[in-house]
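Enquirer: Each chain is listed here by its residues.
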Amino acid sequence: MNRIKQFFKKIEDFLHDIYGMDKHMKKIVLLLLLPMFGYGQLASSGDGIDVDLVYAGTTADANKPLNKVQVNDTIIVKLQLDNLSQKTITYVHVDVQYNVNAYARVDYSFNVPANAQTSNGNWSGNGMKWSPNPNYDLNDLWAQWSTQGGSYQQVAGWEVDHVEAVSLSGITGNYATLHFKVKDAGDNHSYTDNIIITMARVTDNTGTAEYVFPVGKVRGYDTMSITHIPLEDLDSNIYIKATFNNNFDVTKVGVVVQKNGTPVSNNLYFDAGGQINVTEYITSTTDSYTLDFVTSYNATEWEALLDNVITISDVTLTLNELGQYGHGNAGNVFTTGIQYSAVDSDNNRDLTPQDAYNLLGHVMGSVDIIPDDGTGIFNNSFKPIKKADYDSWSIYKFQNNVTEPNSSVVHPITVDFNQSSYTEDFKFGFIGDANGSHSSAVEGNAASSLTARSNNNYTVSSAPLMSYGQQVLADGIIQGEWSTAIEDGRVVATLRLLSTDVTALQLKVDYDNTVLTFDEAVFNTGNTVTNFASETNGRVNLGSIEQNGGEIETGDVFKVYFSGNVTSPVGLVSIFNTDAANTDGYRLILNLQ
Amino acid sequence: MSYNFQKWYYFWLFVLFLACSKDDYSDFQTLSPNLADNMSIEEPTGLKFQGSNITDGSKFNLKVLEAGEYSIEVRDYFKNLTSKSIINAQSGDNVFKFYTRALQDGDYTITIGKDGQEIHNVKLVIK
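From first to last, the protein sequence lines are chains A and B. Taking numbering that gives the first Met the number 0, the leading residue of the first sequence gets 0, the next gets one more, and so forth. Taking numbering that gives the first Met the number 0, the leading residue of the second sequence gets 0, the next gets one more, and so forth.
Keep in mind the hints are simulated off the structure, nothing from the lab. Where hints are given, some of them may not hold.
Across the chosen pairs, the derived CB separations fall in these ranges [as the list claims (entries may be wrong)]:
no., chain 1, residue 1, chain 2, residue 2, range
1, B, N120, A, A329, 29 to 39 Å
2, A, T566, B, D106, 20 to 30 Å
3, A, T516, B, K78, 30 to 40 Å
4, A, N523, B, N120, 31 to 41 Å
5, B, E68, A, G322, 28 to 38 Å
Simulated crosslink set (DSSO-like; lysine-lysine; CA at most 30 Å straight-line) [to be verified]:
no., chain 1, residue 1, chain 2, residue 2
6, A, K251, B, K113
7, B, K96, A, K558
8, B, K126, A, K386
9, A, K507, B, K126
10, A, K86, B, K113
11, A, K251, A, K86
12, B, K122, A, K86
13, B, K113, A, K128
14, A, K251, B, K58
15, B, K96, A, K251
Bear in mind that the values here come from a model prediction, so they are computed numbers and not experimental data. Note that beta-carbon positions come from the ideal geometry of N, C-alpha and C, so glycine has one too.
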């Protein structure tokens, strides 16, 4: 029913586009046109015999849709008898005409009662084609043959199979099956009705006299011909493969395949292993194909993901790389060009302290480093890059005006059809993800900086630890205490820092904003520490960063105050994520008790 | 009585008859008016939740012998502390609301403690 509605809606839209008709005018025109829609459909015999030409896949793939059939596929065509009468079919012959430039009939078989006699006479000669009887419907198969007006004529390029069966008992259903090998008939060939039923005769000999199903009672229904322009004979299996970070749910992104700028697929999402099979959508060597990356996350969900991607340790690492962290031992903490590109917030291929401060501003909630080109936050923050480019994008290349690899959500692809299996490999980066918490890992040595301290004395935890739903590779673990209580009629959440040598700290806490109102955040982190707090949609983002050589003091460093008429604080405030960094800007895990 | 009068008379009588019939609320579960009875704990101490899952605004009873501050920790599957609340409990039954809107749905471990000592530890689904 929905398809019918969509069909009429498309016609309405068409009338509106062409003639600018209003809603009521379109309805009236549609009503007047309604009887015409029936003329294109074949009519059933009603209470006679319907002969159906059924496409049933290929010999290699029974489920292959007709529109995906390629040259050199062998298609299966069934002749289906639907006996709507009270009679018995003891004799049937159906003529199947086909164009030999487009199809070669390579095999046939019968499915008839035991002891039935069958034959498939091929009429070829110098070519044979039915000239229809114009006085009867084309699908009135017995009338086409038995009355005057139609005949077979010599036409090169056409042949006819005379598919016949005789039985003492009833013949019904799929009584015969033909196999056709698909051929390339050339660009100028018309593939319309290149396989078609031309005529049929059906009788019942069970009585004392032969009963011939009369004119009008043997009809081609509901399909009597096949029209299909075959696709190229491309045998490559084509895959899109993603190498992704475990903190990123790859099944939430996918691609739309575009052919010459027009989508030819729905949203195809990566499976859990990071793969998509796009074979059925890339069917030509001469057309241009692109992959448009998409996500099933809505904008709010994507923003929540970015809340985990861009955190204070991305800032501290960037500040240190640019000598702005204030704790000495500056620079050489980035190892790849991917990191440089991720934090080049003004996209000028020149990483400056301003880029680091933009990133800090983003984390503090005062600056948005994600561009807004009107296409949405996903398009402007997600960076799919072909794997080879990703792994070889070095700091040297970034700094020396080498053309940056395509990191947009639209990627042209060129398939090598000489390979039986072709895979286009991608890796994913994120804007602002300096520490690579959610970006794909850079593999190999092509992109690595030989001067980076990571190759010398910087060590992180050898195995990632789970911290608030993320796998975190960190330089250490620090301790803190967290609690929520009712104090003087307000709900107060307190973070007590127990560890020293902490130079940056960030906490994102969710609260029930249907019950509570965020009042303020109070810091006790030290005189030279920069603190920040902001609130959006039930989430408070608060943190501190020390850039003057000192460290964040221990004790009750954060207190977050909420007001609300409650007597129980249980569950009202929860921790969304945490982040922290040491004097080198490297990430620390905050272990809360 | 005229026919017209009788027609309206019986119509309104029928309406009145329907209106005064006993309401059938068999499809609705009747909740006990005394919720505290459902939450009661017979033993001297204990922890009881209103349902098998914790939903927003559902209640729990913490029965203790000693009055004072008790902590309620909520930890996720990876033992990360997600929420920790401090409540003041009286000796005996203490029924509190459990809010869940700020928590993501999932399996959690709920731990009740006092002065750093664990008193109760249960695994529950928060919805």
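Enquirer: All hints, please: hold or fail.
Expert: Against the structure, the hints come out as follows:
| no. | hint | verdict |
| --- | --- | --- |
| 1 | B:N120 x A:A329: 29 to 39 Å | 47 Å, violated |
| 2 | A:T566 x B:D106: 20 to 30 Å | 27 Å, holds |
| 3 | A:T516 x B:K78: 30 to 40 Å | 31 Å, holds |
| 4 | A:N523 x B:N120: 31 to 41 Å | 33 Å, holds |
| 5 | B:E68 x A:G322: 28 to 38 Å | 48 Å, violated |
| 6 | A:K251 x B:K113 | 43 Å, violated |
| 7 | B:K96 x A:K558 | 23 Å, holds |
| 8 | B:K126 x A:K386 | 40 Å, violated |
| 9 | A:K507 x B:K126 | 21 Å, holds |
| 10 | A:K86 x B:K113 | 89 Å, violated |
| 11 | A:K251 x A:K86 | 58 Å, violated |
| 12 | B:K122 x A:K86 | 71 Å, violated |
| 13 | B:K113 x A:K128 | 95 Å, violated |
| 14 | A:K251 x B:K58 | 36 Å, violated |
| 15 | B:K96 x A:K251 | 36 Å, violated |
Of the hints listed earlier, those the structure fails to meet are numbers 1, 5, 6, 8, 10, 11, 12, 13, 14, 15, in rising order.
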